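Colleague: Chains as they are written, first to last, in my numbering: chain A, 1 to 151; chain B, 1 to 151; chain C, 1 to 151; chain D, 1 to 151.
Everything labelled a hint here was simulated from the structure, so no lab data went into it. Mixed in with the good hints there might be a few duds.
Unchecked claim - The calculated BS3-like cross-link candidates involving lysine-lysine, where the alpha carbons are at most 30 Å apart (straight line), are:
| no. | chain 1 | residue 1 | chain 2 | residue 2 |
| --- | --- | --- | --- | --- |
| 1 | B | K105 | B | K2 |
| 2 | B | K2 | A | K2 |
| 3 | B | K141 | B | K2 |
| 4 | D | K2 | C | K2 |
| 5 | A | K105 | A | K141 |
Computed from a predicted model, the values in this text were never measured in an experiment.
Protein chains: 4
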Amino acid sequence: MKADPRRRDPGNYAWTAEMETRFADMDVNGHLNNVAITRFFEETRIRFNWSLFAGALAERPRFLVGHVAVDFLAEGHYPAPVTMAYALASIGTTSFRSAKAMFQKGRCIALCDTVLVHRGADGPAPLPDALRERLEPLLLKGAAATAGGRG
Amino acid sequence: MKADPRRRDPGNYAWTAEMETRFADMDVNGHLNNVAITRFFEETRIRFNWSLFAGALAERPRFLVGHVAVDFLAEGHYPAPVTMAYALASIGTTSFRSAKAMFQKGRCIALCDTVLVHRGADGPAPLPDALRERLEPLLLKGAAATAGGRG
Amino acid sequence: MKADPRRRDPGNYAWTAEMETRFADMDVNGHLNNVAITRFFEETRIRFNWSLFAGALAERPRFLVGHVAVDFLAEGHYPAPVTMAYALASIGTTSFRSAKAMFQKGRCIALCDTVLVHRGADGPAPLPDALRERLEPLLLKGAAATAGGRG
Amino acid sequence: MKADPRRRDPGNYAWTAEMETRFADMDVNGHLNNVAITRFFEETRIRFNWSLFAGALAERPRFLVGHVAVDFLAEGHYPAPVTMAYALASIGTTSFRSAKAMFQKGRCIALCDTVLVHRGADGPAPLPDALRERLEPLLLKGAAATAGGRG
Chain A
1 MKADPRRRDP GNYAWTAEME TRFADMDVNG HLNNVAITRF FEETRIRFNW
51 SLFAGALAER PRFLVGHVAV DFLAEGHYPA PVTMAYALAS IGTTSFRSAK
101 AMFQKGRCIA LCDTVLVHRG ADGPAPLPDA LRERLEPLLL KGAAATAGGR
151 G
Chain B
1 MKADPRRRDP GNYAWTAEME TRFADMDVNG HLNNVAITRF FEETRIRFNW
51 SLFAGALAER PRFLVGHVAV DFLAEGHYPA PVTMAYALAS IGTTSFRSAK
101 AMFQKGRCIA LCDTVLVHRG ADGPAPLPDA LRERLEPLLL KGAAATAGGR
151 G
Chain C
1 MKADPRRRDP GNYAWTAEME TRFADMDVNG HLNNVAITRF FEETRIRFNW
51 SLFAGALAER PRFLVGHVAV DFLAEGHYPA PVTMAYALAS IGTTSFRSAK
101 AMFQKGRCIA LCDTVLVHRG ADGPAPLPDA LRERLEPLLL KGAAATAGGR
151 G
Chain D
1 MKADPRRRDP GNYAWTAEME TRFADMDVNG HLNNVAITRF FEETRIRFNW
51 SLFAGALAER PRFLVGHVAV DFLAEGHYPA PVTMAYALAS IGTTSFRSAK
101 AMFQKGRCIA LCDTVLVHRG ADGPAPLPDA LRERLEPLLL KGAAATAGGR
151 G
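Just need the whole structure built from these sequences, with the hints factored in.
Modeller: Quick look at the structure:
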């Protein structure tokens with residue numbers, strides 16, 4: 001993630017939102033804790049997916065988080081807010097990979113990739129076409145739509 | 001991580017410890033939450049590193065977490081305890097990569113790789129020799145000691 | 001709570017259990033955080049109530065937490081474990097009040113009172129007799145069984 | 001707290017602020033968790049005290065949280081934001097008691113009282129006059145300024 005300079009520019013993401021930090025997000029070192037940063041990426045994924053799936057599909061698809069990876073680039077601080085950015089990194093057959101970033105005061109603090117696997121009754125199932133159509137416009141600028149979702 | 005079957009066998013790790021789960025580790029789905037699982041890996045790293053560094057080095061080295069990746073393999077549940085396993089995946093020049101796993105009732109729930117970077121006054125600094133000597137016996141059984149810490 | 005010396009003696013409680021502390025329970029001050037201490041009392045309540053209700057009642061009663069009060073008496077530390085103690089402070093008509101305490105290295109760190117209200121279809125409902133019989137032997141030594149549950 | 005109707009009217013508090021809820025604030029019941037609600041009151045206290053103490057005193061006074069009590073009045077939900085309200089309930093010799101409330105969609109969800117004790121080198125110390133002058137205008141409308149800080 002960190003080797004790709006496009007990932008550090010909020011303008012390359014499909015969606016951004018400001019979020020508040022909390023005193024409890026700090027650990028004994030006085031910075032935003034690594035796991036708390038992972039929590040911000042969870043919140044970003046959930047808020048984004050709710051708006052993505054809402055009203056779009058006859059039945060809400062079921063996804064499992066298969067993989068999460070975070071690069072920590074700089075210290076984050078309380079009480080300044082953070083800006084969270086979300087895009088898609090790649091769309092596969094039964095899964096897709098999101099590309100997220102966290103900024104504070106204009107600086108990129110962390111990057112996150114998450115693989116969500118679509119679950120059917122018997123395991124991974126193909127992404128519904130209606131969802132795929134919604135996902136494609138959300139790809140990170142310059143990312144390859146044909147890359148595998150499992151990275 | 002998940003492609004390597006050695007990672008799912010607790011016998012391949014240098015250190016294991018049982019940890020309690022908490023009601024608060026569950027989310028609305030009634031399973032151990034993904035970020036809560038990441039929290040268990042943080043706790044594992046901290047407890048292991050404290051015992052690793054304790055009394056070993058004239059001065060306690062300073063490390064930053066540069067990267068964390070987690071593969072989620074199965075649902076975890078409350079209130080059963082979990083068994084956390086820790087080994088080294090690889091040792092580089094200025095960093096090392098740990099290989100961790102989480103088990104519940106004998107089943108592997110999640111795998112985690114973490115890259116810790118040794119910090120000097122001006123950025124990444126070579127691992128102290130005394131630490132390197134302590135790290136090498138802790139490699140995951142079958143792992144390559146010469147692989148790069150940055151993966 | 002703190003004015004009652006009986007509350008600081010683990011021997012006066014009906015049930016005690018040791019629990020692990022976590023790195024994440026500390027805040028920037030390097031102590032166990034106040035809210036994290038409240039989390040330990042939640043965990044104590046849930047574990048105790050599960051064993052209390054299990055197999056005892058034809059139908060599991062539904063309770064709401066109406067009130068929680070905590071006295072903070074001393075700093076708690078990581079990574080030493082804590083000992084949690086649970087008893088009943090009083091049993092009312094539709095609610096009961098628990099008396100809890102948290103100890104570390106033999107020292108009382110915090111006390112907690114919680115009021116649980118029994119919920120029926122239309123609001124507070126009388127405690128089932130079978131539950132009342134189970135609760136009475138659990139009163140804190142010396143506590144008054146006839147005191148109101150709402151304190 | 002809950003017996004006092006003034007406490008459920010945001011207009012009686014000296015300070016209010018909107019705060020975001022997070023997915024992680026919910027527990028398995030799908031509501032805002034009781035301890036998460038306590039966490040919102042912690043955040044309120046810290047944000048308010050920082051603005052209260054900032055630039056006001058030659059030396060920042062040291063306070064310990066001695067007591068926290070919460071009345072839970074209604075369920076809270078995600079993802080709607082909450083409105084937090086803060087005032088003083090009473091000002092004592094060495095401590096003061098805050099009166100806080102949490103609202104969501106115009107409904108009072110919870111009330112919280114917190115006692116903060118001023119610490120000197122040898123234990124509780126009188127509140128500095130400069131702080132006392134700042135506190136008095138912040139009393140909950142209709143509250144008695146002469147009441148004891150311990151309630």
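Colleague: So, for every hint listed, does it hold in this structure?
Modeller: Status of the hints after comparison with the structure:
no.	hint	in the structure
1	K105(B) - K2(B)	holds, 19 Å
2	K2(B) - K2(A)	holds, 22 Å
3	K141(B) - K2(B)	holds, 16 Å
4	K2(D) - K2(C)	holds, 22 Å
5	K105(A) - K141(A)	holds, 22 Å
Taken one by one, the earlier hints all hold for this structure without exception.
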